[in-house]
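If you're matching them up, the sequences are chains D and H in order. Just so we're aligned, residue 1 is where the first sequence starts under UniProt numbering, counting upward by one. Just so we're aligned, residue 1 is where the second sequence starts under UniProt numbering, counting upward by one.
Worth flagging that the hints you see were computed from the coordinates, not collected in a lab. Keep in mind that the hints are not guaranteed to be accurate.
Negatives, chain D to chain H, calculated, CB over 12 Å [claimed, not checked]: (1) Glu118; (2) Asp121; (3) Ser156; (4) Ile200; (5) Lys298.
Restricting the straight-line Cα-Cα distance to at most 20 Å, the calculated cross-link-like pairs of lysine to aspartate or glutamate (EDC-like) are [stated by the list, open to error]: (6) Lys298/D with Glu132/H; (7) Lys71/D with Asp121/D; (8) Lys71/D with Glu197/D; (9) Lys192/H with Glu132/H; (10) Lys298/H with Asp152/D; (11) Lys84/H with Asp152/H.
Per the computed footprint, the stretches of chain H lying under chain D, defined by three or more beta-carbons under 8 Å from a beta-carbon of chain D, are [claimed, not checked]: (12) 184-192; (13) 257-268.
The C-beta atom is built at its ideal place from N, Cα and C for all residues, glycine as well.
Number of protein chains: 2
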Amino acid sequence: MALPKQVKIVEVGPRDGLQNEQAVSLTAKVALVNALADAGVTYIETGAFVSPKWVPQMADSGEVFKTIARKPGVTYAALTPNLKGFEAALDAGADEVAVFGAASEAFSQKNINCSIAESLDRFAPLIAAAREQNIRVRGYVSCVLGCPYQGDVAISDVVRVASELYRMGCYEISLGDTIGVGTPLHAQRMLKAVAEEVPIEHLALHFHNTYGQALANIAACLPLGVATIDTAVAGLGGCPYARGASGNLATEDLVYMLQGMGIATGIDLAKLIHAGTQICTHLNHSPRSQVALAELAKQET
Amino acid sequence: MALPKQVKIVEVGPRDGLQNEQAVSLTAKVALVNALADAGVTYIETGAFVSPKWVPQMADSGEVFKTIARKPGVTYAALTPNLKGFEAALDAGADEVAVFGAASEAFSQKNINCSIAESLDRFAPLIAAAREQNIRVRGYVSCVLGCPYQGDVAISDVVRVASELYRMGCYEISLGDTIGVGTPLHAQRMLKAVAEEVPIEHLALHFHNTYGQALANIAACLPLGVATIDTAVAGLGGCPYARGASGNLATEDLVYMLQGMGIATGIDLAKLIHAGTQICTHLNHSPRSQVALAELAKQET
Numbered sequence: 001m002a003l004p005k006q007v008k009i010v011e012v013g014p015r016d017g018l019q020n021e022q023a024v025s026l027t028a029k030v031a032l033v034n035a036l037a038d039a040g041v042t043y044i045e046t047g048a049f050v051s052p053k054w055v056p057q058m059a060d061s062g063e064v065f066k067t068i069a070r071k072p073g074v075t076y077a078a079l080t081p082n083l084k085g086f087e088a089a090l091d092a093g094a095d096e097v098a099v100f101g102a103a104s105e106a107f108s109q110k111n112i113n114c115s116i117a118e119s120l121d122r123f124a125p126l127i128a129a130a131r132e133q134n135i136r137v138r139g140y141v142s143c144v145l146g147c148p149y150q151g152d153v154a155i156s157d158v159v160r161v162a163s164e165l166y167r168m169g170c171y172e173i174s175l176g177d178t179i180g181v182g183t184p185l186h187a188q189r190m191l192k193a194v195a196e197e198v199p200i201e202h203l204a205l206h207f208h209n210t211y212g213q214a215l216a217n218i219a220a221c222l223p224l225g226v227a228t229i230d231t232a233v234a235g236l237g238g239c240p241y242a243r244g245a246s247g248n249l250a251t252e253d254l255v256y257m258l259q260g261m262g263i264a265t266g267i268d269l270a271k272l273i274h275a276g277t278q279i280c281t282h283l284n285h286s287p288r289s290q291v292a293l294a295e296l297a298k299q300e301t
Numbered sequence: 001m002a003l004p005k006q007v008k009i010v011e012v013g014p015r016d017g018l019q020n021e022q023a024v025s026l027t028a029k030v031a032l033v034n035a036l037a038d039a040g041v042t043y044i045e046t047g048a049f050v051s052p053k054w055v056p057q058m059a060d061s062g063e064v065f066k067t068i069a070r071k072p073g074v075t076y077a078a079l080t081p082n083l084k085g086f087e088a089a090l091d092a093g094a095d096e097v098a099v100f101g102a103a104s105e106a107f108s109q110k111n112i113n114c115s116i117a118e119s120l121d122r123f124a125p126l127i128a129a130a131r132e133q134n135i136r137v138r139g140y141v142s143c144v145l146g147c148p149y150q151g152d153v154a155i156s157d158v159v160r161v162a163s164e165l166y167r168m169g170c171y172e173i174s175l176g177d178t179i180g181v182g183t184p185l186h187a188q189r190m191l192k193a194v195a196e197e198v199p200i201e202h203l204a205l206h207f208h209n210t211y212g213q214a215l216a217n218i219a220a221c222l223p224l225g226v227a228t229i230d231t232a233v234a235g236l237g238g239c240p241y242a243r244g245a246s247g248n249l250a251t252e253d254l255v256y257m258l259q260g261m262g263i264a265t266g267i268d269l270a271k272l273i274h275a276g277t278q279i280c281t282h283l284n285h286s287p288r289s290q291v292a293l294a295e296l297a298k299q300e301t
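Please model the complete structure; the sequences and the hints are all you need to start from.
Here it is as structure tokens:
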């Protein structure tokens, strides 16, 4: 099959990234979201409406949504675990929302404190309310290539949860290698199997880079026609010590690869690197992007 | 085309790696080579016989060769830029030698102080002497996907230098993305073109990971039948500040991917990670391997 001519990048740094980093100020978050939009990113997961007890880093997501400079053509989305979160996200002005499920029963229990079936039940009223208000809902399926608690995850479980979320009304299913353990042929097999139930144009990849495999896995999947990929600028959230939530692939590294393959993203790589470097000064660590590090080193020589 | 069932890994950490790190003791080098052999690595570039003025880190390569515990079935090789180096390598007991050329005229001038043509002329007597003594010579071609000085490198230049080295008697040509700038389709195109002149079973990939692309590039090339790959344990040599010599791909990350793809390497990943961790304690930095970091973090939790 032919490679896609264009890939849509779903930037998850401000949410999936920052929720796994030390807390930064509202100003820093807003500057990050604005810098990403300025770099040409057209879809930004901007925050989460979850309990601040569990995820204190996202406590000011409402403020973030209200303060950012909205750029036309950019979708500002929010993660919402339940109806209450959904309503708060709409109040704040989120364009879209996302729900977070798992293909692993053990991960579902440990991470969202309920079974997979219960989590889907919880999403149903949210998805119904969203449909009434003409708000699109994205569905995450985590642990599609492995689970930190149960180890292997059957591809049939991924297919089941992904197609159920699609059937329930999620317009796009994001397949997450949450702990970054997958390798290219496994990723291909998984995507092929899911694409038999959910049309490939409604599928996205969300591969963490914990084991350094994310780009290779994405490259292996592109010929299957997948054209939406989730990444985090500067590899935000890449704390390797948090089990089950480590190592987002850096947006810079994906954009660099796609550019080299002649696949358009609409993103200005230099501006993207700048956005990542800027937020990393607030986090007191270097960007976790090989491309950013290499380009910054070149500027220093 | 089908993937290879088995890949031979050429471990270049003790040479290409350590020559781009701060100097470590003879004891540490010997321990590294022995640990690599113990992990199942069957080809180890153990040192270089070059001017200690230019590469002080390799000044004791003769001692390294004389002190290691030789394991049957393992090839201990040396980099030798000229006849003098070749003779010193043989005296020290190297099983094989390698010469280092470039596909980029600018890099050849800056890195080895002569034109490409002059460098090939220098290799001729070395290759002749090696043939007389039944010593195999490996040929490196650097800058096959880009040059730090001239930028783009024509694939036709790579083909020309690779086939010339092969014609001169090198039994294997290692194609180096010295600055790690390549992307998957470019890597594929380059390898395909070279394989039209040099049989694929006489080609190896030596891709640095400076821009995070190495694994994706290797995965893209494996279906072409290439089955020899150069890497450095712990990503040794990965100093991002040295122009033109940065960012070896970590052997651990490649072995992990190949295992996941069902491709045999004969290497014990846990022992390999141990070998890398051990040398990194002498270098005072963490392993530059995502797999090693992820596994070490798991052990800590």
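Hints, one by one, checked against the model:
no.	hint	result
1	Glu118	holds, 27 Å
2	Asp121	holds, 31 Å
3	Ser156	holds, 19 Å
4	Ile200	holds, 20 Å
5	Lys298	violated, 8 Å
6	Lys298/D with Glu132/H	violated, 45 Å
7	Lys71/D with Asp121/D	violated, 35 Å
8	Lys71/D with Glu197/D	violated, 35 Å
9	Lys192/H with Glu132/H	violated, 32 Å
10	Lys298/H with Asp152/D	holds, 16 Å
11	Lys84/H with Asp152/H	violated, 33 Å
12	184-192	holds (count 3)
13	257-268	holds (count 5)
In summary, the numbered hints that this structure violates are 5, 6, 7, 8, 9, 11.
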